[in-house]
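> For chain B, the structure is supplied; the task is to place chain X on it using the hints.
If you read the sequences in order, they're chains B and X.
For the record, in the first sequence the residue sitting at position 190 is 190 according to the working numbering, with numbers rising by one throughout.
For the record, in the second sequence the residue sitting at position 422 is 422 according to the working numbering, with numbers rising by one throughout.
Derived from the structure by calculation, the hints contain no laboratory data.
We treat Cβ as the ideally placed atom computed from N, Cα and C, and that holds for glycine.
Careful: at least some of the hints might be erroneous.
Non-contacting residues of chain X with respect to chain B, defined by C-beta distances greater than 10 Å in every case (computed) [said to hold, decoys possible]: (1) Ala-15; (2) Gln-244; (3) Trp-345; (4) Trp-466.
So the derived list for chain X, only partly shown, Cβ under 8 Å to chain B, looks like this [stated by the list, open to error]: (5) Gln-452; (6) Gly-457; (7) Ile-458; (8) Leu-459; (9) Glu-501.
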Amino acid sequence: MLEVRDLIFAYPGQLRPWHFDFSVAPGTCLAIHGASGSGKSTLLNLLAGFLEPLSGDIRWQGESLVHRRPWQRPMTSVFQEHNLFEHLDVMTNIGLGLHPGLKLTAEQQLAITQGLQEVGLAGLGKRMPAELSGGQRQRVALLRAMLRSEPVLLLDEPLTGLDDEARQLMRKMLLKSKAAGSILILASHDEEDRSVLADNVWNL
Amino acid sequence: MPESIRSSTPRHPDAPFSNPGWQLWPGLLLASLLLILAGGGLGALFWQAELPRVAVLWENRYLRNVLSFTLWQATLSVALSLLLALPVARALARQPCFPGRSLLLRLMELSLVVPTIVAVSGVVGVYGRQGWLTTLVNDWAPALSWNLYGINGIVLTHVFFNAPLAARILLQTLENVPQPQWRIASQLGLSSGWVWRALEWPALRPVLPGIAALIFTLCFTSFAIIMTLGGGPAATTLEVAIYQSLRFDFDFGRAALLATVQLLICGSVWWLASRRGMTHALVPGRQVAEQVPRKDGSGLRGLWDRLLLLTFTLFLIAPLAAVALRGLPGLVSTLTQSGSGGRLWDATLLSLAIAIPAGASSVLAALLVLASNGSTQKGIPGQISATAAYLPLMVPPLVLGTGLFLLLRPQLGVTSEGLILVGLINSIMALPFVLQMLRGPLRGLDIASIHQADQLGILGWYRWRWLHWPRMRRPFALAMAYATGLSLGDFGVIALFGSPEEPTIPVLLYQQLGSYQMAAAAGTGLWLITVLLAVFALFNLLGRPPATAHLREPEHA
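Excised from the complex, chain B in its bound form (with noise of 0.2 Å):
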C-alpha cells in the first residue's frame, strides 16, 4: 500500500500551499486531472523525491519514504517527453534502468531484446532517440519502467501526443503491468485514458 499522509508542499512565493492525504492499493490506478498549474505534476515529483515537501509523510508498506533520495524510492516515472538520454541508443537506455552502470547479465540484455519485441520495436535498439517518432520513444520508456519492476510506476502525461495506435499499445502495457500488482499513478487530461486505466479518479 502506498500512503500519502498530510503531506504538503508550496513554491517559494505560493500563498496557498498544496495539501495531499490519498492512499493507493496495489495493482490498482489513481488517475488525477486537473487545470494546468493545480499540481499534478508537482504530486509525482514529490512522490518520486524529485521535490521535498514542507511536512508530511509519503509510506510505502508502512516504511517512510519521505527522507529517501529517488534511487532509494520503489518508483519509477515516465513524463510525457524527454524520458530518454538523447545520446544514448535505445538498448543503452534501457539498459541503465537495469544497472546503472551497464553490467547486464545476459539474460537481462535477453529480456530487454524480447521487451522491444513485444513493443513492436524489435531491431530498433541501436537506434538513438533521435531517430524514433513520439510513440516509439514513449514505449522505451515504459518498457525500460516495466523492466525494472519498481511496484509504483508515475505517469505525467505519458500518452499525450500519441497516435491511436501507439496509444492502444501503451494502455495494454499498462494495464498488463496493473494485473501484475503495479500500483500507477496517472496524471492525464485525457478522459478515455482514465476511463480505460483508472480505478479511481481524483479531481485536483
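Using the frame of chain B, we list chain X on its own:
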C-alpha cells in the same frame, strides 16, 4: 516481460564514488591547497625579507612611475580593446555570411594561446622600425614618427591579444539573445540604432564589466610583452618590477610589497565586476546561432561591416603571417644545422615535458574544483572553490614561484626540481581558463536528465561515465589543448627558474631575440606555433566521439 528478470533486478546497486563526499572533498581540499599555496608563496616572501614601508610606493619615484604606468597602460588597453571589440562583434552578428567568418572566429579564439613572445615578434615584423606597415607608412607619410617600443607597442599588442577575445565573448552574448527577438527585429525592419537600443545593449551591458575586469587583469599582470616592448623606468609594470626585484636585486621584501599591491588592485577590480553581476564566461562558447536576415546588415552599413571585418582580419593575420614568412627560412636553416637543430629539439622536448603534465593536472584540478563547487555553492566551502578559481589571475606567477621556491628550498636541489615547480605554477595559471571551459558542459545536464539519472541510480562514477563523459569529451580535449598550449608558450616563471643552458622554446626564442639572431628567432617562433597547432590537432583528434553504439543487441534474439 520475463518475471525472472523483473525479480532479479537489484533496486539500487552501489555506484563507485557515489557518496556525495567524493564530489565535495577532493575539490575542496585542492581549492584550499591552492589558497594555501598562494598565501604561502606570498607569505614566504614576507617571511624571508624585511618589508619596506608602504610609503615607499609614493615616495620612491621609480615605484611611483611603475605603478602609474601599470594602471595607465592597463586602462588604455581595456578602453581600446573594447572600442574595437564592440563594433567587430556587432558586425559579425550582422554578417553571418561574411566569407571566412568561421576561420576568423577560430583565429579570434586562438588569441588565448598564441605565445606572447611569438606574437610580439610578429608585431615587431609588422609595426617595428623595419616592419612592413611602418615601411609603407614612412614611404607615404615620412613626417609621421612612430616608435613601437614603449606604451605604443605595449598597448597595440595588448589590443591584438584582447580585442579578439572580447569580441568573441560579446558575439556569443549577442547570439544568446533569443532567436524570436531577432526574428521580430528583422520583421519590423529595425534600424541599427534601434537594434542597439532594443536588443544589443541590454544583452551586452551585463557582460561588459566582467570582460573589462578580465582584460584589465591580463594587461595589468602582463609580463612578456612588457619585457620585450617596454623596459626602462618609463615603461615598466608591477609584474616586471617584481621580476627585477627577485632576479636582479634579490629584494624579496619589495617583491612581496609590489605583489600585494597587484593582488589588491586586481582583486578590487574583480570584486567590483562581480558586484555588477558578472556572469560571462572567460572563454567563448561554440554555439551555432540561427541566421536571421537583418535589415541593418545590408546596404551601406553592410559594406562598412565587411570593411571593418576585413581590416580586423588583417590586423590579426599580419603578425602571424610575419612570423610564418620570416620564420620559414630561419626554421629550415635551424633544423638542417646539427648544433642549433639539436638545441631546438631539446627545447621542444623540455617544453612538452613541462606542458603536458601541467595541462593534465590543470584539467584534473578544474574537474575536482567544479565537482566540489557543484555540490555546494553556499557557505565557506563554496567561497573557497570560487576564490581558488580566480586567484591565479591576480597572484603574480613569479611571486608564487619564488615564494614556493623559498618554502621548498631545503628540498629543491637541482634544476629539474625547479622545472617541476614551473609545471605546477603553469597548471595553476591555466586553471581559471580551464575551469570556464569545463564549467558549462559539466553543468549543462538538463533537469529531465538529472531526474532520470537520480531515479535510475546513475550516480557517482556511472553518472560521469554515461552522462557527463559523452558531453565532456570534446571540451575536455579542448581544455587539455588550451592548458598545454598556455604552458608551452609560457615565458614567465620559466624566465626565473629556467636554466639558460637548457631552455624551453620560449626561453630559446627570448635568448635569440636578445642576441639579435633575428632569423633564428623568427624560425623558433614559427616552430613554437607549429608545435602548438600540432598539440591542438592531436587533442582535437582525441576528443572525437567514437562512432560505435554502447551496447550491442544480441543477434540470437
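> None of the hints should be skipped; say for each whether it holds.
Evaluated hints:
Distance check on Ala-15/X: its Cβ comes as close as 6 Å (rounded) to a Cβ of chain B, failing to clear the 10 Å threshold; non-interface status is violated. Consistency note on Gln-244/X: stated as away from chain B, and its beta-carbon is indeed over 10 Å from all of that chain's, at 53 Å minimum. Even its closest Cβ contact with chain B, about 42 Å, leaves Trp-345/X beyond 10 Å, as expected for a residue assigned away from the interface. Not every beta carbon of chain B lies more than 10 Å from that of Trp-466/X, the smallest distance being close to 6 Å; the non-interface claim is violated.
Look at Gln-452/X: its Cβ gets to within about 7 Å of chain B, closer than 8 Å, so that hint holds up. Annotation: Gly-457/X was flagged as interfacial toward chain B, and the flag holds, the nearest CB pair being 4 Å apart, inside 8 Å. Interface hint status for Ile-458/X: upheld, as the beta-carbon distance to the closest one in chain B is roughly 4 Å, under 8 Å. Nearest Cβ of chain B to the Cβ of Leu-459/X: about 7 Å, under the 8 Å cut. The hint holds.
At a threshold of 8 Å, the smallest CB-CB gap from Glu-501/X to chain B is about 51 Å, leaving the interface hint violated.
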